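J.: Sequence:
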Amino acid sequence: MDVFIDGRRVDPGEASISVLDLGLVRGVGVFEAIKAYDGAPFTLAEHLDRLARSASANGTPLADRSDLETWCREAAEVGGTCILRVLCTPGGMGGATPPRTIILVEDLPELPHTFRLKTVVAPWHPAGAVWGLAGAKTLSYGPNMHATEEATSAGFDDALLMSTDGVVLEGPTSAVGWVTGGEVVFPSLDLGVLASVTRTVVERLVEDSGRTLVTGRFGIEDVLGADEVMVLSTVKEVAPVVAIDGTTFEPGPVTADLARRFTALTSEA
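Position 144, counted from 1, in the sequence shown is what my numbering calls 144; the numbers after and before it change by one each time, with no gaps.
None of these hints come from the bench; they were simulated from the model.
This structure is a prediction, so every number in the text was calculated from the model and none was measured.
It cannot be assumed that every hint is accurate.
So the derived label-pair ranges between C-beta atoms look like this [stated by the list, open to error]:
hint : residue 1 : residue 2 : range
1    : 182       : 267       : 25 to 31 Å
2    : 227       : 25        : 46 to 52 Å
3    : 59        : 146       : 24 to 30 Å
4    : 155       : 227       : 35 to 41 Å
5    : 208       : 93        : 45 to 51 Å
6    : 121       : 39        : 26 to 32 Å
7    : 113       : 224       : 41 to 47 Å
8    : 131       : 25        : 20 to 26 Å
9    : 224       : 66        : 44 to 50 Å
10   : 256       : 153       : 16 to 22 Å
We treat Cβ as the ideally placed atom computed from N, Cα and C, and that holds for glycine.
Construct the entire structure; sequences and hints are all you get.
T.: So, in structure tokens, the structure goes:
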């Protein structure tokens, strides 16, 4: 792993920020995960746009946009095909230390080709409630990681988050979609689910392919009755879901086609 702090490459074993930083003390801050292909960050502008929205929501100051772009591109050149994890912290309490921009250059993780999901109720999720951090990508990901741990401990690959009243939301680190009768369906963004960059790209691909795109509020029975189910994220890209709890699915042609179209876009990055 390579590490950059405020654009300066540092030894991973010696990289550090202040123990007074609110990113550590209070979990305040924002982040993005950006995939680079052969040294080129994919959809960099969209990721930095979302970073800015998240930072505005929780009051995290950001470096200049031009610096962020330069730092991400320089890190991607070092990593080649990799994941750039961009972490932005607000600095120390009372201005004791300055804000920091940390970029971790990570190797691609080994992932399954298909995913098995366990439904997990997410009482912390806004699920349509109006509040300032709905849809923001903040450093406080502890509840999401706990959901993943609950799912993997039960033998699944990841979780499918559900509201307390049974509405399908998203994965802890991914969007979820499904195909019913040829229509591609996603939970509505007004539920406070993350505005996934990968999902946004795939929505355009759905429309380009002449398929119908549907968004709304759905219960688990809508997903369990689908023809195909998929997860979407920067790291996972577009991958088929083959099980949710005890219900199984076959990888389907629509998911495969969208995955192919997405891969073709990344090759042009």
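J.: A separate judgement is required for each hint: does it hold in the structure or not?
T.: Structure-based check of all given hints:
no.: 1; hint: 182 <-> 267: 25 to 31 Å; in the structure: holds, 27 Å
no.: 2; hint: 227 <-> 25: 46 to 52 Å; in the structure: holds, 48 Å
no.: 3; hint: 59 <-> 146: 24 to 30 Å; in the structure: holds, 25 Å
no.: 4; hint: 155 <-> 227: 35 to 41 Å; in the structure: violated, 25 Å
no.: 5; hint: 208 <-> 93: 45 to 51 Å; in the structure: holds, 49 Å
no.: 6; hint: 121 <-> 39: 26 to 32 Å; in the structure: violated, 41 Å
no.: 7; hint: 113 <-> 224: 41 to 47 Å; in the structure: violated, 22 Å
no.: 8; hint: 131 <-> 25: 20 to 26 Å; in the structure: holds, 22 Å
no.: 9; hint: 224 <-> 66: 44 to 50 Å; in the structure: holds, 47 Å
no.: 10; hint: 256 <-> 153: 16 to 22 Å; in the structure: violated, 30 Å
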